[in-house]
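Protein chains: 2
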Amino acid sequence: MSIDLYGLSRVVGEKGVLPQRAKQLDPSLPCRESELLIDVESLNIDAASFKQIKGEVGGDAKRIGERIQEIVRERGKMQNPVTGSGGMLIGRVKELGARHPARELLKVGDRIATLVSLTLTPLVIEEVKAVHADIDRVDIRGHAILFASGIYAKLPTDMPDTLALAALDVCGAPALVARHVRPGMTVAVLGAGKSGALCLAQARRKLESRGKLLALDVSQGALDLLSGIGLCDVALKVDATQGVDVMEAVSQATDGQLCDLVVNCASVGNTEMATILSVKDGGTAIFFSMATSFTAAALGAEGVGKDVTMVVGNGYVPGHAALTLDLLRTEPQLLQLFGTRYV
Amino acid sequence: MSIDLYGLSRVVGEKGVLPQRAKQLDPSLPCRESELLIDVESLNIDAASFKQIKGEVGGDAKRIGERIQEIVRERGKMQNPVTGSGGMLIGRVKELGARHPARELLKVGDRIATLVSLTLTPLVIEEVKAVHADIDRVDIRGHAILFASGIYAKLPTDMPDTLALAALDVCGAPALVARHVRPGMTVAVLGAGKSGALCLAQARRKLESRGKLLALDVSQGALDLLSGIGLCDVALKVDATQGVDVMEAVSQATDGQLCDLVVNCASVGNTEMATILSVKDGGTAIFFSMATSFTAAALGAEGVGKDVTMVVGNGYVPGHAALTLDLLRTEPQLLQLFGTRYV
Ligand SMILES: NC(=O)c1ccc[n+]([C@@H]2O[C@H](COP(=O)([O-])OP(=O)(O)OC[C@H]3O[C@@H](n4cnc5c(N)ncnc54)[C@H](OP(=O)(O)O)[C@@H]3O)[C@@H](O)[C@H]2O)c1
Ligand SMILES: NC(=O)c1ccc[n+]([C@@H]2O[C@H](COP(=O)([O-])OP(=O)(O)OC[C@H]3O[C@@H](n4cnc5c(N)ncnc54)[C@H](OP(=O)(O)O)[C@@H]3O)[C@@H](O)[C@H]2O)c1
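Protein chains in written order, with the numbering used here: chain A, 10 to 352; chain B, 10 to 352.
Hints were generated in silico from the structure; no laboratory data involved. Relax, there's no trap hidden among the hints.
Where chains are identical, the list cannot tell them apart; a pair therefore holds if satisfied intra-copy or between any two copies.
Dumping the calculated BS3-like pairs for lysine-lysine here, alpha-carbon to alpha-carbon at most 27 Å:
hint	residue 1	residue 2
1	K138	K71
2	K24	K289
3	K246	K24
4	K163	K103
5	K63	K32
Make the full structure from the sequences, and use the hints.
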């Protein structure tokens with residue numbers, strides 16, 4: 010018999026609904042054969058969710074903790090009913106179901122972070138131990154359940170949790186970039202923030218010193234930091250919402266050739282045209298920005314008659330966590346940048 | 010010097026803005042060197058736009074025509090200020106700029122349809138000759154300008170305009186599918202309507218009698234029509250908004266293997282999970298449905314830990330018009346289906 014890959018059996022009262030969309034999950038013990046049981050240390054609440062709760066109950070740490078407990082008691086998962094968002098968690102493996110795929114990879118006691126959202130993770134909070142309102146973190150005593158399809162990462166022992174979590178949060182981006190870059194390509198990364206820096210580092214590695222690497226951002230400071238540690242060949246200060254300006258800057262920097270691959274890691278909306286116009290005919294664009302509009306991309310490419318393959322950035326690529334942590338370990342300057350900027 | 014590929018010089022008063030987003034275009038003559046001038050016969054107004062105008066002015070044909078003339082006089086293009094949408098047009102080539110890329114492919118007098126939206130096409134209406142309110146069409150006397158990047162199709166003489174336009178409207182879909190299908194694949198098309206039928210026909214051709222072709226739709230009628238003319242190996246009646254149900258049906262029809270490629274041609278929202286869950290690990294999903302949500306796709310794949318390449322359906326693929334008309338010509342039963350169902 011096939012296993013319950015997606016945790017459908019944990020959904021309360023809605024047949025055929027996936028845990029993420031379910032109103033309520035059943036987080037009760039025991040752990041089932043396709044599941045992994047986690048002894049939870051702390052929850053990293055999604056920023057938008059934490060802000061909403063703070064606004065609702067006032068800044069008081071105790072009341073924030075109580076509101077979170079209330080939500081989890083009602084829903085069996087930490088999904089903010091207003092923002093709809095979740096977060097991730099850290100804990101130790103407590104039990105491995107007989108048919109869970111990580112059975113050979115993890116052992117009881119291993120410290121892991123879940124890389125799937127808390128919005129689909131069955132959770133019980135027995136006690137809130139501390140609320141760290143400055144970093145949206147809540148330390149708890151309790152348990153959570155990871156389904157067979159649920160992705161996770163073993164936490165490294167050679168770097169601080171906060172640093173590892175910051176990188177793991179966006180680890181799908183460099184891993185997908187690794188699949189698309191070939192030596193000799195011209196590659197541009199739009200938005201030189203956290204995921205942009207990792208994408209540049211990964212692209213540089215895959216280019217094997219051939220081709221050209223462009224970093225584009227609205228912030229000169231961000232560009233200077235990346236140029237300073239050699240993460241790009243060309244840094245262009247542009248506003249990604251201005252499609253034509255970006256195209257002209259990229260065209261000039263590439264002798265009119267434009268790019269084989271453009272990776273969109275911007276944190277604002279309205280950047281589809283800048284991305285599409287900077288790709289050469291036959292090239293590829295990968296959109297990671299969560300502010301990407303599907304119709305703006307589809308109709309935009311058609312409107313300018315551009316033959317571009319447009320890829321939706323999938324947050325999951327097999328091996329993405331290991332690839333990203335390895336990137337940081339082998340690029341000391343990138344690691345340092347992360348440590349000072351994103352922790 | 011490089012030519013004005015995107016018609017930036019036709020935008021009035023907003024530097025660096027593309028014609029589609031511009032408030033106003035300058036449609037004045039003469040035709041410039043990078044442009045193509047069209048003697049317009051008729052405008053096919055976008056359905057949502059036509060409906061809005063009808064509602065605004067009442068059903069009267071004369072007043073609908075006047076309102077359209079007013080919009081075009083103000084904006085220099087037919088972009089409905091409420092819906093934001095345009096449509097397409099039919100006309101004859103009147104003049105070819107010295108540096109327009111179609112110079113060797115078209116000649117004065119050729120009948121063409123523009124495949125870029127009226128929202129980016131400079132237009133002058135001298136006279137409204139007739140309003141066909143039942144098919145959202147307006148016959149006019151006037152001229153329009155196509156930029157060097159603007160896509161178009163020569164209208165075939167061996168089929169009715171309405172039939173050719175219905176197919177050209179979605180011609181990007183089968184052309185993109187042609188790039189992704191290899192013999193032996195298992196391919197599913199979700200939504201067996203107009204574009205779905207073309208995608209199935211194109212996929213069947215590329216499979217070269219190896220592999221498996223699945224058609225999925227909520228309407229048994231649509232499925233029966235397609236099965237009846239042999240456009241699929243398996244027809245599954247499913248509701249694409251029910252991700253888990255679809256996955257189970259596809260799993261059963263493929264002996265648990267799922268699909269190498271799933272093409273989403275559904276006309277409703279909330280079908281991202283059905284698409285993603287029906288793809289096997291390492292496979293591909295192409296989203297054509299304009300109701301696709303970028304975040305639902307990106308977060309959905311991550312949430313279920315699925316290694317799927319997700320492609321945004323680009324309405325432009327070189328040669329898409331010719332490929333689609335050829336598909337109809339060489340599949341008499343498909344042509345007949347189109348003639349009875351979509352004209
Ligand atoms: N699907 C996935 O797997 C995946 C993976 C990684 C990232 N993402 C998404 O990608 C986006 C970026 O994430 P991140 O963590 O890298 O964010 P980030 O660290 O905030 O970086 C975003 C960068 O974009 C820059 N930016 C803002 N406005 C701009 C503009 N108008 N033109 C050019 N650059 C501009 C920012 O500059 P300032 O700092 O000056 O504002 C910043 O450097 C988010 O939406 C994230 O959710 C998705
Ligand atoms: N980006 C591009 O280049 C491109 C190209 C082609 C198409 N498209 C887009 O693709 C979409 C489909 O276009 P179309 O012209 O093929 O539309 P269509 O002819 O209306 O076909 C849509 C099909 O989806 C079916 N459907 C509706 N609800 C469903 C559900 N819940 N589950 C399963 N099937 C369902 C419809 O069945 P009923 O008839 O019973 O409702 C119909 O057969 C549109 O959004 C279109 O804009 C985009």
